[in-house]
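Colleague: Given next are the chains, with one letter for each unit.
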Amino acid sequence: MSGYALQIGAILCVHVIAAYAAYMTLAAGQLNLGIAGFMALGAYGSAVLSNAGWAMPQSIAGAVLLASLVGLCVSYPVLRARGIYLTIATLAFSEVVVALILNMESLGAASGLVVVGHLGFWPILWVTLGVVALVVFLASTRFGLCLTAIRNDAQGAAVFGVRTRRIEVTAFTIGAALAGLAGALYAHHFSYVEAQRFNVLLSTYAVLYTLLGGLQTPLGPLVGAALFTLAPELLRGTDEWRYVTFGAVIVVLMLLRSEGLFTRSFIHNLMHRRPAT
Amino acid sequence: MKPKLFLHGVTLAFGGLTVIDSLDIQVMPGSRTGLIGPNGAGKTTVFNLISGVYRPNAGEILLDDEAIDAVPLDRRVRLGIGRTFQNLRMMKHLTVLENIMLGQHTHVGLWQRMLVPLNSPFNRAGLTETRAAAQLMGLSAHADLLADGLPYGVQKRIEIARALVTRPRLLLLDEPAAGLNSSERDELLSILLTQLPKEMSVLIVEHDVAFVSSLCDHVVALNFGRKIAEGRAEAVCSHPAVIEAYLGKDDDAADADAGVPAPALDETIVPQESDQKSERAPGAERGTHAA
Ligand SMILES: Nc1ncnc2c1ncn2[C@@H]1O[C@H](COP(=O)(O)OP(=O)(O)OP(=O)(O)O)[C@@H](O)[C@H]1O
Ligand SMILES: [Mg+2]
Numbered sequence: 327m328s329g330y331a332l333q334i335g336a337i338l339c340v341h342v343i344a345a346y347a348a349y350m351t352l353a354a355g356q357l358n359l360g361i362a363g364f365m366a367l368g369a370y371g372s373a374v375l376s377n378a379g380w381a382m383p384q385s386i387a388g389a390v391l392l393a394s395l396v397g398l399c400v401s402y403p404v405l406r407a408r409g410i411y412l413t414i415a416t417l418a419f420s421e422v423v424v425a426l427i428l429n430m431e432s433l434g435a436a437s438g439l440v441v442v443g444h445l446g447f448w449p450i451l452w453v454t455l456g457v458v459a460l461v462v463f464l465a466s467t468r469f470g471l472c473l474t475a476i477r478n479d480a481q482g483a484a485v486f487g488v489r490t491r492r493i494e495v496t497a498f499t500i501g502a503a504l505a506g507l508a509g510a511l512y513a514h515h516f517s518y519v520e521a522q523r524f525n526v527l528l529s530t531y532a533v534l535y536t537l538l539g540g541l542q543t544p545l546g547p548l549v550g551a552a553l554f555t556l557a558p559e560l561l562r563g564t565d566e567w568r569y570v571t572f573g574a575v576i577v578v579l580m581l582l583r584s585e586g587l588f589t590r591s592f593i594h595n596l597m598h599r600r601p602a603t
Numbered sequence: 002m003k004p005k006l007f008l009h010g011v012t013l014a015f016g017g018l019t020v021i022d023s024l025d026i027q028v029m030p031g032s033r034t035g036l037i038g039p040n041g042a043g044k045t046t047v048f049n050l051i052s053g054v055y056r057p058n059a060g061e062i063l064l065d066d067e068a069i070d071a072v073p074l075d076r077r078v079r080l081g082i083g084r085t086f087q088n089l090r091m092m093k094h095l096t097v098l099e100n101i102m103l104g105q106h107t108h109v110g111l112w113q114r115m116l117v118p119l120n121s122p123f124n125r126a127g128l129t130e131t132r133a134a135a136q137l138m139g140l141s142a143h144a145d146l147l148a149d150g151l152p153y154g155v156q157k158r159i160e161i162a163r164a165l166v167t168r169p170r171l172l173l174l175d176e177p178a179a180g181l182n183s184s185e186r187d188e189l190l191s192i193l194l195t196q197l198p199k200e201m202s203v204l205i206v207e208h209d210v211a212f213v214s215s216l217c218d219h220v221v222a223l224n225f226g227r228k229i230a231e232g233r234a235e236a237v238c239s240h241p242a243v244i245e246a247y248l249g250k251d252d253d254a255a256d257a258d259a260g261v262p263a264p265a266l267d268e269t270i271v272p273q274e275s276d277q278k279s280e281r282a283p284g285a286e287r288g289t290h291a292a
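Chains as they are written, first to last, in the numbering used here: chain A, 327 to 603; chain B, 2 to 292.
Each statement offered as a hint is correct.
Among the chain A residues that face chain B by a calculated CB cut under 10 Å, a handful are: (1) Phe-469; (2) Asn-478; (3) Asp-479; (4) Phe-486; (5) Gly-487; (6) Glu-585; (7) His-594.
Cut-off 25 Å, straight-line C-alpha distance, at most; resulting in silico cross-link-like pairs (SDA-like, lysine to any residue): (8) B/Lys-228 - B/Pro-241; (9) B/Lys-93 - A/Ala-465; (10) B/Lys-93 - A/Arg-408.
Everything labelled a hint here was simulated from the structure, so no lab data went into it.
Glycine included, every Cβ here is placed at the ideal spot set by N, Cα and C.
Sequences and hints are given; from them, build the entire structure.
Modeller: So, in structure tokens, the structure goes:
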């Protein structure tokens, strides 16, 4: 594969993991726009640990742990709010993380940080496949059942004994861990981190991939991230019009398939389609 | 004998409107108690009080002689209170089997919830119970379909199957036969008569007098949140206060309210739909009110 293709592949993997980070909270019915903040924690966490002499796998694991702990602590106050207020709280959290980093000279402030230890495409791909497998697994358990039930009707789920708050906290924390992982992989792939990169647009894209792919199955985020990372690349020839085309495609998709591309009934129809006679 | 469930002087008001007014209801262990009353009488609200959706403003609710008012909504099912919803609360992104399986939630340990896929052999007991409940309610053919677009009568039966797998000791059925055709209704009646454990206590809201009479050993009639009659089914259904409640005496609707009472049933008490009620064909849920 060409260097260019490997580069795109690595970015795609980071996008897929970020999309799963957004998926975890969205699956429980809440919109988390703090993905970029958790990615920043993961990226800077792993950068600092590597630069302090830790081996790469350990520093990535440490960074994921950091992101999940922060996620767990943040989730309690954040999940007290619902809907749009929760979203704004996560957005604010993300901005605070970036602002803190920008003000810390030891983290390179605005000029960023060089990261020791380079991670190529293949290991990133394996990790990504592991993440996909993990989320598919979680979605197949009662935990996954509860996420869907809470998204559909939280009070109805509570009537059957589902402790909705706990499930939401768990989902939020797993999402934070995944975002941290995406950030750490990103940092090691580009060997350089810059706080300004972790802005709201990054979170927005993670959410967009998930919503366009669909929340109903754990494959939605994968499909969404793949399609919408690769499509702009394929449209590269058309230059200035590609973002217009891209935007138009998103609008049309949202109108035609408001539940996302990959819904359960879509899969059901695919699997039960009788061979033509 | 001590009652299984005892609502003692329970009062609930929404804003200034008293919806349940110092209500006393007893459900004896193993009994089949009917709760009847015109639209807006407060029957569903009673269920919401028992299952913890609302807290009473006054009075207390005793289960096996213990006050349960402090028990939050998501802990009541552990006490053995299972319920169905009049307005169907299907999880639209779950299949029929998965919807039923949700009812087993409290019978499954934490680690199993996180680590065991629903279709794996480690969940065999759960699947077997779910399939049995689905089969009992005649849902096998729909098992793997999404619950969402299924016919009303089918969703109604999913509600019951889901309540049964909570393994309730007190089962609350809110208009289980509403919207079913007469053969489905007979089938449901025979299931409820023969398949429920004898020791299970059941409280049933139902408008169909024949249904209530064949199933219930005891009936409580409500109107405007107050108990207006109580006793054996035939006696309560023919009680003047009950007939008057269903027919209404001061009907100010433009319709002629004199003369033939039967057709006026649906219009007499204006149903004040609460905001969570889903839209349905009006009247589809009403049974034959023959008083
Ligand atoms: N959440 C709520 N807020 C305000 N009023 C409510 C609420 N829930 C119920 N009510 C009112 O309480 C009264 C009793 O309603 P409820 O649903 O218990 O009646 P019901 O006996 O179940 O009637 P139906 O036969 O139509 O199901 C109605 O007047 C209704 O408008
Ligand atoms: Mg009702």
